[in-house]
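Enquirer: Going down the list, the protein sequences come from chains E and R. Note that this note's numbering numbers the first sequence so that position 384 is 384, with each residue one more than the last. Note that this note's numbering numbers the second sequence so that position 6 is 6, with each residue one more than the last.
So the derived label-pair ranges between C-beta atoms look like this: (1) E/GLY87 x R/GLU8: 41 to 47 Å; (2) E/ASP189 x R/GLU37: 42 to 48 Å; (3) R/ASP43 x E/GLY256: 43 to 49 Å; (4) E/ASP189 x R/GLU38: 44 to 50 Å; (5) R/ARG9 x E/SER249: 40 to 46 Å; (6) E/THR201 x R/GLU38: 51 to 57 Å; (7) R/ARG7 x E/GLY251: 47 to 53 Å; (8) R/GLU31 x E/GLU311: 36 to 42 Å; (9) E/PRO269 x R/ASP43: 29 to 35 Å; (10) R/ASP41 x E/SER249: 44 to 50 Å; (11) R/PRO21 x E/LEU135: 32 to 38 Å.
Quick look at which bits of chain R chain E covers, simulated, 3 or more residues with Cβ under 8 Å: (12) 9 to 17; (13) 21 to 29.
It should be emphasised that the hints constitute simulated quantities derived from the structure, not laboratory data. Cβ atoms here follow ideal geometry from the backbone N, Cα and C, with glycine treated the same way.
Below, each chain spelled out in residue letters.
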Amino acid sequence: MSAAAEQAGQVKRVVVVGNGIAGLTAADTLRGTGFDGELTIVGDESHAAYSRPALSKALLHDGDDLSHELPSPTHGATELLGVRATGLDLERRRVALDDGTDLSYDRLVIATGSRARRLSDLPEEVTLRGLDDALALRRRLADKPSVIVVGGGPLGMEIASGCLAAGSTVTVVSQGVPLVLQLGPHLADVFTAAGRERGLTVVETELARLERSAEGYAARVVLDDGTVLEADLVVTAVGDVPNTEWLASSGLVSQGGPLTVDSRGLVRPDIAVAGDLAAFPTPHGTRRIPLWSSAIEQSKVAAAALIQGQEAPTLQFQPYFWTEQFGLSLKAVGYLPVVGAPAYVDGGPDGPALMRWAHGDGTAVAAALNYRIPIPRLRRVTQQAA
Amino acid sequence: MRIVLDRERCEGHGLCEEAAPDLMHLDDDGELVLDREEVSDDDPAAAARANGAVRVCPVAALRIA
Ligand SMILES: Cc1cc2nc3c(=O)[nH]c(=O)nc-3n(C[C@H](O)[C@H](O)[C@H](O)COP(=O)(O)OP(=O)(O)OC[C@H]3O[C@@H](n4cnc5c(N)ncnc54)[C@H](O)[C@@H]3O)c2cc1C
Ligand code: SF4
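This is chain R alone, in the form it adopts within the complex (with noise of 0.2 Å):
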């Protein structure tokens, strides 16, 4: 799975990298930068914590494709 931001739409909330701080943050400018975009299927784990980011972003910048 891949996870895909629409960067017009995030609003630095950062919800997103308290669900899953090891696949994004906010760098200093409040930006976000997707540290992995690439989540392998055989990592469960990771990928439950994208699906967990992907939810808790209330303006739906993020997605998984």
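Same shape as in the complex, but just chain E (with noise of 0.2 Å):
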């Protein structure tokens, strides 16, 4: 028997919570590391684990109905859904749960992602974060009605795209020219006027607030100059916040914030974290990186060190993001945003391109605009010497 092995034998109940892509990653991560114990998730949406991406994707405009459907799990657990953890005895290894009952662990996977910032409690502030709310929003747009999107990060601009493609007329308040925060000035620019091209309308703002609005419609938008403006659907996209509240007495973290792992994602001994929720450390510094890859990633490593501890790899990560709006589609590897102009790697500025940024460290950005190739090619792009 391998020590791998061995040591997987020693562990007999983990407990998964969360049951999005992170912990089922994990899960199945700790079936591959020989993990063969009694294995519970626990996941408070009472839907299997579906593609979140796709959600503000194909799913919001083409009236398709599978591409957030993630093939069904192999791990075997006991999947607890429509159940959410409370608590957490770090002594006790005890995880409380809504319905009264709790579940005792060798070792534990905190995998409960985040959720939606919202600007206000009012109820006609839309969110998009779950299955659900990709669903009404879905139901909402068959009316053609107009649209304010507040947020103009990749969510926001993807929401706006969705929208204008089923038929509404769409504004979007974004601090700044959108996605020029998480993409920098060139990218931005070009989703900008693809957007703009497609009939979208763009105001900046500083900082945007909600406020019940007259009859008739959903909410206003007010900004920083006092200027109202009103539609019939008012939806937010500024943000997300990690869902940590639940291990508030347990002293694992503060309040409201990102849980900090070491590089192989562990808090303790017996406990991984993985997902939106998890800071960890980057060659950036520690830092969250709230996507599809990253959760994939990190869940991988962090299980594996929860059977193997020290001698389990550490995490080794190039974030890997692509958004797909107004027509286009980008894939980009390394870390955003970049400033400056690009370097052509192939293509150019009026046509499919390969681009790539160096850093002033040594690491470098590599792109694709509409241009199809493979994600390690990509990445060998950025190891070429600029």
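Take the two lone chains and join them into the complex the hints point to.
Expert: See the structure below:
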């Protein structure tokens, strides 16, 4: 028996809290590492795990009902769906659940993700984080309402694109040029121009506020200069908040903050954390990278470390980001945003393009715009000398 | 087990190739090619890679039959 299998054998019970891609990948990885004990997954959504990135893309406007589905799990875990974890006792190794029961564990994976940050408590403020949100939004779009999207990040712009494609008139309210904070000025201009060409209205402001509206409208958006915008539907996409409240009494985390993990995704030898709620060491400091492949890579490393401890490899991670909006498709590897004009590895400014930016620290970003390229090749582009 | 690709859905992210480079790759035109569709259940490591590849695809273009 290998050392790893032996260690796996000493762990009898693992509980995974959170049934998103991070929890699912952790469960798969635990099995792959040789853990064959009792595995329980707790998730507060009643759905089986699904693909969140699909929610703001094809699902919104194509009448596509399948793009978010993930293949059924093979980890053979007991799945407690529609059940929420409410507390954690580190000493007794128990997770309290909202149905009044609790679960004991030898090892625990915390993968409760994050939720949409809100600007108000108004029920009229619509956000998009879960499948139910996406289906509700799609139903509203069937009537072609006028739409204001508050938030010019990738999610806000994808929602705006989806609403335009569904036939609505759409205004995006953004702090500065949309996408400039996330992608940098060059790519931000490309996407914003593509949006405008399709009829998107962009309004720049500092802080926007939401207020209850006069009759007939959903909510009012008040800009920093006092201008009031109204539409039938107001959607906000202003970032995400880690779901860590249930850990408050454990002392692992400060109020509303992320969980900070080591380079193997552990917070203690018996607890791994992975996905949108985790801040982990990167070459650019300890931070959250709330993206799909980030969640997958983190949970693979963290689940292995949970069984193998310090013998497990550390996280070696180069971010991968993609977005689809306004007829453009972008894939990028490396740490965004990027400043300045790109070097064109292939193509040029007016068509499909493979671009590269060098950061001052020797790392680089490679981006493919409407340009099909395997990710391994895109990664190699970042490694070439400038 | 058999890996099935829904070509209409595939957006060429290639995350699957990173998970199972021996089973599939994107060709020069960015089209996904399944190099091995049949994976024997007697080869648990390959089966695990196949499952892993199917799992990472964010648009559900791959499935196991
Ligand atoms: C609309 C949308 C579009 C996106 N598009 C992209 C994209 O194009 N590219 C990209 O890379 N990334 C994208 N992302 C981000 C990506 O989807 C996330 O990074 C990823 O899904 C994170 O996975 P996770 O498992 O960490 O968290 P989650 O998917 O949030 O999973 C956590 C789960 O835990 C549950 N939970 C929370 N608290 C508890 C509790 N106390 N007890 C039990 N269960 C609990 C939650 O309900 C949820 O089901 C997008 C996100 C959204 C919302
Ligand atoms: S991950 Fe999915 S979309 Fe990407 S190449 Fe593989 S099958 Fe196609």
